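2 protein chains.
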Amino acid sequence: MSSWTPVPCQCCYTSSIQSLVAIQLRYPAKAETKRWLVSKLEGRKKEGGAHLLVHPGEDDDGTLVLLSATPYSLLQATEVLGLAKPSSDGSMVTFSYNNKADFPNSEKPEAFLTLAERQLLVKYATDSAKVLQETPVPGYPERRLYPGQPIVQSLQKWGIIEKFYPLHVEEEMHLLTEAWYSQIHKIRQPIDAIRSYFGDSVGLYFSFLGFFTISLVPMAILGVLYHYLSLSFPDKYLLFAIFSVLWSTMTMEFWKRHCATKAYAWGTLQLKSHFEEPRAGYWGPPALNPITGRQEPYYPSWKRKLRIMLVSIPIIFVFLGLAFDGMTMYLYWERWIQVSYQQHHGSSRLAAVCLYLPSCMYTLYIELLNRIYKWVAAVLTEWENHRVESAFQNQLTVKVLVFRFINCFSGLFYITFYMQDLQLLRKRLSSLLIVSQVINQVNECLLPFLLQKFQLRPGTAHHENSKDAPVVDSFVSEGDLPAYPGLFDDYMELFVQFGYASLFSCVYPLTAALLVVNNITEIWTDSFKLCRLFQKPFPCPAANIGVWQVAFEVLGIFAVGTNCFIITISPEVKELCLDFGMTPEQSLLYAIGLEHILITLKIVMAFAIPDQPHWLRLKVLQMEYHSWEALKQSAIKRALPVS
Amino acid sequence: MSSWTPVPCQCCYTSSIQSLVAIQLRYPAKAETKRWLVSKLEGRKKEGGAHLLVHPGEDDDGTLVLLSATPYSLLQATEVLGLAKPSSDGSMVTFSYNNKADFPNSEKPEAFLTLAERQLLVKYATDSAKVLQETPVPGYPERRLYPGQPIVQSLQKWGIIEKFYPLHVEEEMHLLTEAWYSQIHKIRQPIDAIRSYFGDSVGLYFSFLGFFTISLVPMAILGVLYHYLSLSFPDKYLLFAIFSVLWSTMTMEFWKRHCATKAYAWGTLQLKSHFEEPRAGYWGPPALNPITGRQEPYYPSWKRKLRIMLVSIPIIFVFLGLAFDGMTMYLYWERWIQVSYQQHHGSSRLAAVCLYLPSCMYTLYIELLNRIYKWVAAVLTEWENHRVESAFQNQLTVKVLVFRFINCFSGLFYITFYMQDLQLLRKRLSSLLIVSQVINQVNECLLPFLLQKFQLRPGTAHHENSKDAPVVDSFVSEGDLPAYPGLFDDYMELFVQFGYASLFSCVYPLTAALLVVNNITEIWTDSFKLCRLFQKPFPCPAANIGVWQVAFEVLGIFAVGTNCFIITISPEVKELCLDFGMTPEQSLLYAIGLEHILITLKIVMAFAIPDQPHWLRLKVLQMEYHSWEALKQSAIKRALPVS
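Going line by line, the protein sequences match chains A and B.
Numbering-wise, the first sequence is residues 1 to 643 according to the UniProt record's numbering.
Numbering-wise, the second sequence is residues 1 to 643 according to the UniProt record's numbering.
If you are wondering where the hints come from, they were derived from the structure by calculation, not from laboratory data.
If you're wondering where the values come from, they're calculated on a predicted model, not measured in any experiment.
Cβ atoms here follow ideal geometry from the backbone N, Cα and C, with glycine treated the same way.
Careful, some of the hints might be misleading.
Derived lysine to aspartate or glutamate pairs resembling EDC-like cross-links, with alpha carbons at most 16 Å apart [to be verified]:
#1 A:157 to A:142
#2 B:529 to B:478
#3 A:574 to B:585
#4 A:163 to A:624
#5 B:157 to B:382
#6 B:272 to A:624
#7 B:303 to B:382
#8 B:529 to B:585
#9 A:632 to B:624
#10 B:632 to A:585
#11 B:632 to A:624
#12 A:272 to B:624
#13 A:130 to A:42
#14 B:130 to B:296
#15 A:34 to A:60
#16 B:574 to B:421
#17 B:46 to B:102
#18 A:30 to A:79
#19 B:632 to A:102
#20 A:632 to B:102
#21 B:574 to A:134
#22 B:256 to B:553
#23 A:632 to B:79
Here are the computed distance ranges between Cβ atoms for each label pair [stated by the list, open to error]:
#24 B:609 to A:17: 34 to 44 Å
#25 B:370 to A:217: 47 to 57 Å
#26 A:100 to B:98: 49 to 59 Å
Partial pick of chain A residues on the chain B-facing surface, computed with a CB cut under 8 Å [claimed, not checked]:
#27 96
#28 175
#29 179
#30 272
#31 405
#32 621
#33 626
#34 627
The shape of chain A in the complex, shown without the other chains (with noise of 0.2 Å):
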């Protein structure tokens, strides 16, 4: 359905030639602007051109422009991203062109390379394209593009091109949503298509979801036998306790080697981020990249320290502190309306609204707070001036992350530590679990499901009597659809589920059976949301889940201090340590021994679970002794001033 109409085309292109990403300008195009787009991403990569195969898509408003690309192109690019793929012998190698004799289809990128591959390689090539003189924009003679300037990004950040994305296929789509749904109550995804599809974060955020969830499964187990037989042994939280700190060890441990194979399998393993391109937002005087040797911009990275350090880290501060502040308010208030409805005996209707006005307005103001600090986060981020996408995407996550762990978790620690109110946490958490997990599924699939239904978005509404030809249609429709949020807020409430299970779980056992329970149904409407009610977002290569490991893992790290801590002040444990005659203090003393052992326990764990499997640390070390050994055999490459 998406290769080229069979139209009579002024390009001459055979039919067969599928249309891989496209980009939609400003409605109304100038048709100087278009021709003069279409002859840049056409032209050589010497001219700085993007060598692409370009099609002015026959839409009736005349803005689109449709992208694919030669055999060649695909391959020359393939080697240089440093993808590997599997080798006449099986094992993955990294692709080089001058080799390519020895990669099994080769010379059929349908089928050596996956429909998410063939759209990164586009787009790297489109970013590619710039200018080598001053040029002012053909249409638009204020807006001038300097050597080397990117061209699309360029025009993106004008407004000249309004969207630019990559296109689905109807027919993989269709077999891939079968193969989805059909098994999804037993969590089993067909992760290598996803990641065929939708590239390699997405096809690891759903392995990883599914992961999660099948690893849920033994504590939802031991959670309901505890919840429903009523086992009511002293050393219940105790057992709880250690069994859910293992966990998590054990869990992100495994994920580790599992997310290795999928990454060796998928050909990502061995790429280096240092040896990436900068992306596109990465300024500074030009200069040779001191590792690389290309030419590109150049900012020291002690000044992007320096930022951090003076300017980005006091500002999360801040937040942090109004984050904090907010709380702290909301608490007194609450408790000061209270007891002041409790004085008056609750008269009037007005006292009892009044009741939930604290609640109420905490909400809007963490709401508030969280999208001024979402917008700072980017704007500091961006500013901080990242050389690779992925340091920007690391870097913004973790300031998000950091903001929203304390907004989600703040409260619980604050009912656990300072309180020290077991049976209020146990209410909260239960609440938390099930009502916010329900708006969740709402917000994230249901509300713009219905959005879209009846049609209430505005960008629609100039396409509505459109008579383009049907494929073309329906790649201007996807263009109509919002660009894809990213995979944030999808791993943050997995984080935030983490965190219940393993920090809380000994308080409310049944919280990994409800877990569960949601994440069948996550998977439903994250992969819905995916396919359907967005545009296909442009493919990322990724061998690990980035700072989302290291996240998960520290918060494995929380859990002993927090698991150790409620087990001192369960009324059971503390009953049990009065019949045995000893003083708080002494019960104190052995809780910070066992969080000690815990704590050597974990690190012993993860030491002695090793990250990859013995098969593929073998290959890893077979390329590294090959890449060493071809370091032998060539010529000296001039090692460049090292700056």
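Since the structure of chain A is provided, determine the placement of chain B on it from the hints.
Relative to the frame of chain A, chain B by itself:
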């Protein structure tokens, strides 16, 4: 002095060839054995020979064989071992024979390679001499060599070769010791010259010794101030404890950087132990190494792990138990004797002598246990069958280290945590610091020196009436010295010092000052030991101090807990807590809080201080990039099947 003697010789070597390594056969040596050995060592690589220059040293006994190498074989071995050397632009590049023109001085091995490197390369070539067919050893028909069996190691095992040692070069050593001793009081050492003469591992040891001593200076100054100004504000423990915790992290983090810089300059930073040749003792059915593709013995790692888990670790625990039992029995006996002595009012002299009995018996017991354990650890590690020498050494070090750690510190921990007697701890520490260090130095240096001075060694007997040429004579007498025992005990001493400084110096602030004084003499005794009292050790390539880095870091983590505990039980802090009206439970909670903060701080510092300086990081990335590029350009090597 150590070049070939100018007496006419059947091999017709020019007199400028320097002998690097000596082999001494057991006296009386059989002529046919010696002739065969020389032919094998001279023989071509293809025929299993070592391709060395061999000189049957003209000593009276006819037991000596002197080894040297041609420039060609030295450079070939440099490539095989993967040493990096300065290329013409000054950066360190892994040497390859094909590109030798890019390495300045590579045509003059004596300038290009250090003495230690040349001796290492000769040893490597010697170790690689093998027989191709099953052969009896000439002169020893009962000894048969099998195909692939290393000749020199086997003859050593059977006692046919008595000694195998690298030779000193008098002039070079003279220059080295002059430079060493002239600045010793300023803790300045000619580290690069030490490394050129003795190899990387010895160079790194002395570099670490100096680095550690300098890092102790600030703590020593603070400690002396505390001691002599009798500062006694209530939180002095607190300040000193925090200082020593942060000090331990800073020291090890900055050492890592320093060490990486050294390793880069010495060309060992990129050495990959995985690609090393297996050690001589490694056995197993011959197979292809899955990484390098070379034929070598193969022993699956799961079997090794099983042996470690099921045999080595339980045995270690038995010994740890014996050590612990010894300590408790000693403490029990000591108390019992004290009490009964006081009850009988110490009437007889015999009773007074009995007072010292437990202490003496305990010392004897520990000494005996130590020796047995060391032997058991060596046997176990050999039996675990590690593939490379570095893994073998690391495993052996860890085994002995854990045992010694328990022996050295369990008493102090017992006094701290169980008896909670800071007064006794202080007394014990000061006596340990002064007495044990004096004993150590006498034991390590004075004793061997006196033994040597008065020629009490049996080994020198049959050379007394030697009529050898003076040079050959000196070669023989070098062989008469005992073999260098390795760096384990030297590192162990520093490890114990590091423990005293980081764990307990808040109790006895003079610790650091005493250690500084001790270490300055330690540099002197260690260097004297190395240069004069023992055979020159074979050099060993090293990029870091191996497991010792980890051991010091683990001690740093122990330091947090111990220091926090000492603070809570110190009378001054206890009083302070009472003044503020805190319950013991609350003050304990504060101590836990402090511990958690300090550990977090340590982790943050360890992350914030990069392990390599920025310029070095860039150099390493350049190298990685080049090898990545080289890999892509090289023809694909068939990967071997992974077993």
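Evaluated hints:
1. A:157 to A:142: holds, 14 Å
2. B:529 to B:478: This hinted pair holds, its Cα atoms lying about 13 Å apart.
3. A:574 to B:585: Satisfied, since the Cα-Cα distance of roughly 14 Å is no more than 16 Å.
4. A:163 to A:624: violated, 41 Å
5. B:157 to B:382: Answer holds: residue 157 of chain B to residue 382 of chain B is near 14 Å, not above 16 Å.
6. B:272 to A:624: holds, 10 Å
7. B:303 to B:382: Holds - the C-alpha atoms of residue 382 of chain B and residue 303 of chain B are around 14 Å apart, at most 16 Å.
8. B:529 to B:585: violated, 53 Å
9. A:632 to B:624: holds, 12 Å
10. B:632 to A:585: Outside the cut-off at roughly 64 Å; violated.
11. B:632 to A:624: The given pair, whose Cα atoms are some 12 Å apart, holds under the 16 Å limit.
12. A:272 to B:624: holds, 10 Å
13. A:130 to A:42: holds, 12 Å
14. B:130 to B:296: Distance of about 13 Å is within 16 Å: holds.
15. A:34 to A:60: holds, 14 Å
16. B:574 to B:421: Holds: residue 574 of chain B and residue 421 of chain B sit about 14 Å apart, inside 16 Å.
17. B:46 to B:102: The hint is violated at about 28 Å.
18. A:30 to A:79: Violated, because 36 Å separates the two Cα atoms, which is more than 16 Å.
19. B:632 to A:102: holds, 12 Å
20. A:632 to B:102: holds, 12 Å
21. B:574 to A:134: The given pair, whose Cα atoms are some 75 Å apart, is violated under the 16 Å limit.
22. B:256 to B:553: holds, 11 Å
23. A:632 to B:79: holds, 8 Å
24. B:609 to A:17: 34 to 44 Å: With Cβ atoms ~54 Å apart, the hint is violated.
25. B:370 to A:217: 47 to 57 Å: Holds - the Cβ-Cβ distance for residue 370 of chain B and residue 217 of chain A, about 50 Å, lies within 47 to 57 Å.
26. A:100 to B:98: 49 to 59 Å: violated, 26 Å
27. 96: holds, 4 Å
28. 175: The hint is violated - residue 175 of chain A has no Cβ within 8 Å of chain B, the shortest such distance being about 32 Å.
29. 179: Cβ of residue 179 of chain A sits 30 Å from chain B, so the hint is violated.
30. 272: With a closest approach of 7 Å, the residue 272 of chain A hint holds.
31. 405: violated, 15 Å
32. 621: This interface hint holds because 5 Å falls under the 8 Å limit.
33. 626: It holds, given that the least Cβ distance between residue 626 of chain A and chain B is near 5 Å, below 8 Å.
34. 627: With a minimum Cβ separation of about 4 Å from chain B (threshold 8 Å), the hint on residue 627 of chain A holds.
The structure shown violates the earlier hints numbered 4, 8, 10, 17, 18, 21, 24, 26, 28, 29 and 31.
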